[in-house]
Amino acid sequence: GEDVEQSLFLSVREGDSSVINCTYTDSSSTYLYWYKQEPGAGLQLLTYIFSNMDMKQDQRLTVLLNKKDKHLSLRIADTQTGDSAIYFCAESTANQAGTALIFGKGTTLSVSS
Amino acid sequence: GAVVSQHPSRVICKSGTSVKIECRSLDFQATTMFWYRQFPKQSLMLMATSNEGSKATYEQGVEKDKFLINHASLTLSTLTVTSAHPEDSSFYICSARGGEWYTEAFFGQGTRLTVV
Numbered sequence: 001g002e003d004v005e006q007s008l009f010l011s012v013r014e015g016d017s018s019v020i021n022c023t024y025t026d027s028s029s030t031y032l033y034w035y036k037q038e039p040g041a042g043l044q045l046l047t048y049i050f051s052n053m054d055m056k057q058d059q060r061l062t063v064l065l066n067k068k069d070k071h072l073s074l075r076i077a078d079t080q081t082g083d084s085a086i087y088f089c090a091e092s093t094a095n096q097a098g099t100a101l102i103f104g105k106g107t108t109l110s111v112s113s
Numbered sequence: 001g002a003v004v005s006q007h008p009s010r011v012i013c014k015s016g017t018s019v020k021i022e023c024r025s026l027d028f029q030a031t032t033m034f035w036y037r038q039f040p041k042q043s044l045m046l047m048a049t050s051n052e053g054s055k056a057t058y059e060q061g062v063e064k065d066k067f068l069i070n071h072a073s074l075t076l077s078t079l080t081v082t083s084a085h086p087e088d089s090s091f092y093i094c095s096a097r098g099g100e101w102y103t104e105a106f107f108g109q110g111t112r113l114t115v116v
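Residue numbers (the numbering used here), protein chains in the order written: chain A, 1 to 113; chain B, 1 to 116.
None of the hints are false.
Just a few of them, taken from the derived set where beta-carbon distance is under 7 angstroms, the chain A residues facing chain B:
| hint | residue |
| --- | --- |
| 1 | G42 |
| 2 | L43 |
| 3 | L45 |
| 4 | A100 |
| 5 | F103 |
Treat the hints as calculated values from the structure; they're not laboratory data. Glycine included, C-beta positions come from ideal geometry on N, C-alpha and C.
Given these sequences and hints, build the entire structure.
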C-alpha cells in the first residue's frame, strides 16, 4: 500500500532555514501536500504541489518535488519561533474529492531563539 | 482557503455513553468528508470516508457499529462514538473536500475525546 515517510524531529535556530524532507512510495500520487499542526489543533494546509511540477514557492515556503526519487521537501526561509509545530507531508493518488490523503508521521520542528 | 468547523473541541464523557462530533464545511459544499483519529505523537489514521447521502466506507479494523458516521447534507457530517470506553480516548479530526476545493483537503480543529 501507499507509504509516506518523514524524519521525526528537526531543530533549528531562529532566522535559519528549515528543510523538512518526505518520501513516498506511490508513483501514481497526483498531489502532494504540506500541513502544519500546532498543539491541540487541527491541520492547517500550508501548500500543495501537483505531481507534474518540480517546484512551488509561496512567500517563505518553497516546495521541491523530485518525482523520480519520490522525494518531497519543504523549505521554510527565515524560520521563526511561531513556526514551531508538527509538519505533515501527505499524498493523494487522485484528483477527485472522494480520495483521502495519506499522511506521514509528521516532523516536529523546534525553533530556538 | 475554505473553512471546516468541528464541534466540540473537547469532550469528557463517562464510559458507556455515546458522544457525537459534528463537522461542518462553512463556505463550500463538501462532497466527501473524512474522519481521522490521531494518537499522541502519531500520524493521522483514516477511519472512514463519507459521501453525502450514502453509507460511509470504513477502513479495515474500524468498527462501523461503534463509530457511526452520518453525512446527511453537503455541509455536515457527524461521527458518533457509541458506548465509549477509555481506549476510545483520542483526538478525532474531520476533513472535507469538494466543489472547487477538490484538490485540497481542509481540516476541522479536532475534538479531544476523553472517556473516564
